[in-house]
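Asker: Protein chains in written order, with my numbering: chain A, 2 to 262; chain S, 1446 to 1715.
I should point out that these hints are in silico values taken from the structure, not numbers from a laboratory. There's no promise every hint is true.
With the C-beta cut set under 8 Å, the calculated list includes, among others, these residues of chain A facing chain S [what the hints assert, rightly or not]:
id, residue
1, ARG68
2, PHE92
3, GLU123
4, PHE136
A few chain S residues facing chain A, derived, Cβ under 8 Å [to be verified]:
id, residue
5, GLY1563
6, THR1587
7, PHE1606
8, PRO1609
9, ASN1645
Here are the computed distance ranges between Cβ atoms for each label pair [what the hints assert, rightly or not]:
id, chain 1, residue 1, chain 2, residue 2, range
10, S, GLY1684, A, GLN245, 58 to 66 Å
11, S, LEU1487, A, THR60, 54 to 62 Å
12, A, SER142, S, VAL1696, 26 to 34 Å
13, S, GLN1474, A, SER74, 21 to 29 Å
14, A, GLN245, S, ILE1447, 47 to 55 Å
15, A, GLN245, S, LEU1487, 53 to 61 Å
16, S, VAL1696, A, GLN245, 38 to 46 Å
17, A, GLN6, S, GLY1471, 33 to 41 Å
18, S, VAL1696, A, ASP185, 23 to 31 Å
19, S, PHE1606, A, GLN6, 33 to 41 Å
The C-beta atom is built at its ideal place from N, Cα and C for all residues, glycine as well.
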Amino acid sequence: MIEAQGVKKSFGKHHILRGVDLIVETGETLVIIGGSGCGKSTFLKSVIGLIRPQEGSITVDGVDITRLSDEASIAQYRKNFGYLFQEGALFDSLTVWENVIFGLRYLADDIPSSRYRKIAKEKLALVGLKDVEDFMPSELSGGMKKRVALARAIAAEPSYILYDEPTTGLDPIMSDVISDLILDLQKKLKVTSIAVTHDMKSAYKIASRIAMLHEGRVLGVAHPEVIRVSTNPYIRQFVDGLSQGPIQMKLKDYEPEPEPR
Amino acid sequence: MIKHLIDLFDSLLGAIGGHVLEIIEGMGQFAFLIRSTVQWLLRARVEWGQVLRQMLFIGAQSMPVTTMTTFFTGMVLALQSGSSSKHFFNEPLFIGTVVSFSMVMELSPVMTSLVVSGRAGAAIAAELGTMKVTEQVDALYTLGTNPIRYLVIPRVLAFLFVLPVLIVVSDFSGVLGGWVVANAKFRISPNVYWHDIVDNMEIKHFFHGFLKTFVFAFIISFISCYKGISTRGGAQGVGKSTTEAVVYSMVCVLVTDYFVTAILVALGIT
């Protein structure tokens, strides 16, 4: 279970998270929706410890990441997670299979390196890829990169998977393929997940519950079907994708990169 | 009018203060990077595969450029010293001594370092910068390692192993370049040229230049890595980091050269 309480994060004068309270139950997929710059990615990066909140706590299986300070315990905490980056973040200099097994060398000491290639093949098969092991990331399409990144995220068999905009930048069919994959992995691996997305079609498909984030706070958390018929004007405007409504999009959004820790 | 001047002074002071704070913050982060690198070196297994890959890139692939640069520098030195001594003494004297001392103690370490910082330092800053802006650096954290362990340590070690070797090769190439000109232009026999070198040069003169290379390797590697992993802001940020890595490395090499030389002179290694 992931439990966030009063999480606050500012970058200079910009208050990104203003007190986020969220609970993600074991085995569920919580989808966080919200406009650009509302703090979705900042929250996700706070959960895995890439960003340190100024206030609040994020507890995963009894361990509060905001209280961890030494590299070793943070690394130990991160062993439980797989993280799918928005653009995949595959290592350019490594082949597909080297990318997939990259984390095993650090996260799973007990696996002999002779098995790495076989494991990479298995994980790639799980995300529907075959015979791409020796390709370089630059030779793959956007959808294939996302799937390789997904294979890399699940390679060390984490208990939690965090998806940062899993369908952004993909065509509608590939977006649906990725959503199906996430659902499929959810069933097969029984992981607990948080997905951040703008894509409502994908959100309805993969979510156990949906949380709407607005101006650094959670507006509401509910079952997808409840969100679908919600009368809350903020949620209504977002899910219907309307420019007119209570949510006033700033012309210049601000969500800087995380500082190194 | 006075209020306007006060406002102007105020904003000027603010801008200067902001800039100074930025520099101090940068220096702090640079020092933090060095500290973390030492800690990780002591704590974790070194990625020797990465070290070898970087050694190949920094060393083997830079060698043709550095060798050619110092070869021609040796040629120029021989031409200048031969022409000058011929002008004053009617015959070219001590070309071998001038070329070897200049190359081994000063020019070879400095020029090789400058060329390597322009080639490998820039490439490292660009590579790490691109990794930073495409979240590959964050991905390292999520995959159980650390950019210092996986990216910085291999590059720093590769620089420390390879730059001294490059510089020794450059010493020879510079002296060889000098010999070509001494022989072809001033008709000095190889025997005389080599005796000029061997009779006057001691091992400490070699060490004077050789010891500097470790300092230069340290400077170039850390500045390039620091600039790379502190990149912000997309393609423009990568370009800025790359330029700054080269400029800062070159300036620091030249400035540090004086102080290292002064220390070596004080220690009698000259």
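Asker: Please go over all the hints and tell whether each is borne out by the structure.
Answerer: Hint check:
{"no.": "1", "hint": "ARG68", "verdict": "violated (18 Å)"}
{"no.": "2", "hint": "PHE92", "verdict": "holds (6 Å)"}
{"no.": "3", "hint": "GLU123", "verdict": "violated (18 Å)"}
{"no.": "4", "hint": "PHE136", "verdict": "violated (17 Å)"}
{"no.": "5", "hint": "GLY1563", "verdict": "violated (21 Å)"}
{"no.": "6", "hint": "THR1587", "verdict": "holds (4 Å)"}
{"no.": "7", "hint": "PHE1606", "verdict": "violated (20 Å)"}
{"no.": "8", "hint": "PRO1609", "verdict": "violated (26 Å)"}
{"no.": "9", "hint": "ASN1645", "verdict": "violated (48 Å)"}
{"no.": "10", "hint": "GLY1684/S with GLN245/A: 58 to 66 Å", "verdict": "violated (40 Å)"}
{"no.": "11", "hint": "LEU1487/S with THR60/A: 54 to 62 Å", "verdict": "violated (32 Å)"}
{"no.": "12", "hint": "SER142/A with VAL1696/S: 26 to 34 Å", "verdict": "violated (44 Å)"}
{"no.": "13", "hint": "GLN1474/S with SER74/A: 21 to 29 Å", "verdict": "holds (23 Å)"}
{"no.": "14", "hint": "GLN245/A with ILE1447/S: 47 to 55 Å", "verdict": "holds (49 Å)"}
{"no.": "15", "hint": "GLN245/A with LEU1487/S: 53 to 61 Å", "verdict": "holds (60 Å)"}
{"no.": "16", "hint": "VAL1696/S with GLN245/A: 38 to 46 Å", "verdict": "violated (55 Å)"}
{"no.": "17", "hint": "GLN6/A with GLY1471/S: 33 to 41 Å", "verdict": "holds (35 Å)"}
{"no.": "18", "hint": "VAL1696/S with ASP185/A: 23 to 31 Å", "verdict": "violated (55 Å)"}
{"no.": "19", "hint": "PHE1606/S with GLN6/A: 33 to 41 Å", "verdict": "violated (49 Å)"}
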